[in-house]
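Each chain, letter by letter, is given below.
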Amino acid sequence: MQDPLAFVIAIAHIAAALALLNGVTTTFGQAKICSQAIESMARQPEASDSIRSTMFVGMAMGETSGIYGLLIAIVMLFANPLVNTMVSYLG
Amino acid sequence: MNLEVNNLWVINVFGHEVWITETIFNTWIIMAVLIVLAVIIRVKLRNFKVIPKGVQNLTEAAVETFDNFAKDTVGDKFSYIAPWFFMVFVFLLTCCLFSVFGLRAPSADWATTFAFSLATFIIMIFMGFKHRKGKYLKSFFEPNVILFPINLIGEIAKPISLSFRLFGNMLSGTILLTLYYSLTPWFVQIGIPAVLHAIFDVAFGALQTYIFVIISFMYVRGAVE
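Chains as they are written, first to last, in the numbering used here: chain A, 1 to 91; chain B, 1001 to 1225.
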């Protein structure tokens, strides 16, 4: 704790790594969407085009929360507001 | 390794500073390319044949495909908004292909994608008021008046999540390729990054553009029904 700026930067890196933990549930969600789509395509091949479009929309919806985690990690690393505040405070 | 948007010029307009960033300059380049393409197609369409072939055939196929897609998603009565979304689709698709040439894609900047999703939001509200007049406002209080803040937050979350989806995908593609180019020696930078570009920039970018347009159509359909 001797150097507060180094401490804040270190905590920011740990926070960036923790922010990406939501990738676990994102993967499971997308796998479930895709597996249901494949199963229903096997049951009814003539609706295959419509099922494929709906599957892509569902995958994009599930991907969104994964991207929120990536966004927080990038903000922590590259545009961290608290680090900027500390730098301007320390002079 | 530079992941920030570079500031190219600073000009002074009526006493206010205007920053011309890399994003704005690349948007100008894309605009020039698309306008030249549109003018060439317009000139070639002067000899209009009833049975099309060549450039006319391609153009008619593209516009008709998108029109049918709009009619399927929004319905016949409201498909007059399709030309705006065709422009959005072509512009964002060109942005994805743009990053293959080593320049930074304009949609890797949150400003561009937020501008497009704000336009979708305004179109959604406008269509809601135009086709459902008073009942559109009443639908916010629909199940119960207490749910009004939740409905409001749900409506405001729509343009934010729409913009972040495309921005996050394009930015992660840009970061991956920047890392690849800055951490490897020169002799693996010749043929192999083409595969990475094709997957992370072109394929994911095109998919996210399609998702952007289809989700915009679904928001408009939800607002008018």
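In case anyone wonders, no lab produced these hints; they're calculated from the structure. Do not rely on the hints blindly, as some may be mistaken.
[Claimed, not checked] Computed list of chain A residues with no C-beta within reach of chain B, every gap over 10 Å:
hint, residue
1, HIS13
2, ALA16
3, LYS32
4, SER53
5, ALA60
6, ILE67
7, LEU70
8, MET86
[Claimed, not checked] According to the in silico footprint, chain A covers these stretches of chain B (three or more CB under 8 Å from chain A):
hint, stretch
9, 1152–1166
10, 1206–1213
[Stated by the list, open to error] Incomplete in silico selection of chain A near chain B, CB under 8 Å:
hint, residue
11, PHE56
12, VAL57
13, THR64
14, TYR89
Backbone N, C-alpha and C define an ideal beta-carbon position, used for all residues, glycine too.
Hints versus structure:
For HIS13/A, the shortest C-beta to C-beta distance to chain B comes to about 16 Å, beyond the 10 Å cut-off, and the non-interface label holds. The non-interface label for ALA16/A is consistent with chain B: the shortest C-beta to C-beta separation is roughly 13 Å, beyond 10 Å. The beta carbon of LYS32/A sits about 19 Å from the closest Cβ of chain B, which is more than 10 Å, so the claim that it is off the interface holds. Under the 10 Å C-beta cut-off, the non-interface status given to SER53/A relative to chain B is violated; the minimum distance is some 8 Å.
Residue placement check: ALA60/A does not keep its beta carbon more than 10 Å from all beta carbons of chain B (closest about 4 Å). Non-interface call for ILE67/A relative to chain B: violated, since the shortest CB-CB distance, roughly 3 Å, does not exceed 10 Å. With a least CB separation of 6 Å from chain B, LEU70/A falls inside the 10 Å interface cut-off, contrary to its annotation. In this structure MET86/A is separated from chain B by more than 10 Å, as the shortest Cβ-Cβ distance comes to about 20 Å.
Residues of the stretch 1152–1166 of chain B with a Cβ under 8 Å from some Cβ of chain A number 3, which satisfies the need for three, so the listed coverage holds. Under a criterion of three residues with beta carbons nearer than 8 Å to beta carbons of chain A, the stated coverage of the stretch 1206–1213 of chain B is upheld, 4 such residues being counted. A distance limit of 8 Å between C-beta atoms decides the matter here; for PHE56/A the minimum to chain B is near 7 Å, and the interface restraint holds. Hint status for VAL57/A: holds, given a least beta-carbon distance of 6 Å to chain B, under 8 Å.
Because the beta carbon of THR64/A sits about 5 Å from the nearest beta carbon in chain B, less than 8 Å, this interface hint is met. With a least beta-carbon distance of about 23 Å to chain B, the hint placing TYR89/A at the interface is violated under the 8 Å criterion.
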